[in-house]
Structures are given as C-alpha cells and as structure tokens.
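J.: Just so we're aligned: the sequence shown equals residues 0 to 137 in numbering that gives the first Met the number 0.
Quick caveat, the hints were computed from the structure, so don't treat them as lab data.
Watch out, some of these pointers could steer you wrong.
Across the chosen pairs, the derived CB separations fall in these ranges [what the hints assert, rightly or not]:
| # | residue 1 | residue 2 | range |
| --- | --- | --- | --- |
| 1 | G109 | Q13 | 31 to 39 Å |
| 2 | T132 | D77 | 32 to 40 Å |
| 3 | N94 | P31 | 14 to 22 Å |
As the structure is a computational prediction, the values presented were derived from the model and not from experiment.
Beta carbons: idealized from backbone N, C-alpha and C, even for Gly.
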Amino acid sequence: MSDANPTALEVRSQDLASKITGLGSQLAPTAPVLEGRLVRMVGLTFEAVGCQAAMGSRCRIVPDSGQSVDAEVVGFSDAKLYLMPIGDSRGLTPNARVIPLPDTDRVGVGPALLGRVIDGAGTPLDSKGPIFTEIGRA
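Sequences are here, hints too, so could you generate the full structure?
T.: Structure (structure tokens):
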C-alpha cells in the first residue's frame, strides 16, 4: 500500500478526527466554580464568604440536610457576599455551602412561550408543565 491511496479505514479515521476537532471548537471554556459558605443570617440578609458572584446573579445555598435555597446577590463588601433568599429559608444552618449559579439571569424565549404564564425567573406559573426553548435572553 502506498501513502497516495489511503484505505477506507484511514479515510474514516481522518473524517472522524476532523469531526471531533470541530466539536471541540464549539465548546465554551469553563472556569472553576468556587464554593463558599454561609457565615451569617440577619433577617433576610445572608452573608457568604469564599466565593465570588456578580450583583444580581444567583447562588444556591445547600445545608448539610434539608432543602437547598436559591438566593440573589444584592451586595458585597471585601470578601463577603450579601444574599437575599428566593423562597423559604427555614432549615439553613451556619457553614452551609454557597454555590454560585451560572447564567441564572437568562430566560428562554421562543414560540414555546406563546400563551404561557411565567414569573420573573422564567418558571411556569400556569401548571402546563416545563417550557422548552432554545434561545436565552437576559
């Protein structure tokens, strides 16, 4: 066999390799997500340390046992984040894990939204099940 005439297996291998390379270029780079911990709760304001998140973004607070709670970043000072819970915060304890959530300020849009009722976070309120969309908007 000469190099001028590749075998069918070689052609398929090269084709597969180029497809895999093409898929790799479509992947978005990821950064590590640093988890923090809940250090203080005063009324509806929570303080977390050890993680970074932008104003208006959301974090998930995960206690050792019980239900997790999502919270919105409403302020920061030095290494502390100030969070406001979205939902019931009963059962949260000191040192609960605080995990920043990516892209929580986006809501899916498209034809699937026609005739549906959603809240500010894009959660359906009309008891018609989940909404499947392909495009997200801030």
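J.: Look at each hint and say if it fits the structure.
T.: Tested hints:
no.	hint	in the structure
1	G109 - Q13: 31 to 39 Å	holds (38 Å)
2	T132 - D77: 32 to 40 Å	holds (39 Å)
3	N94 - P31: 14 to 22 Å	holds (21 Å)
Of the numbered hints given earlier, the model fails none.
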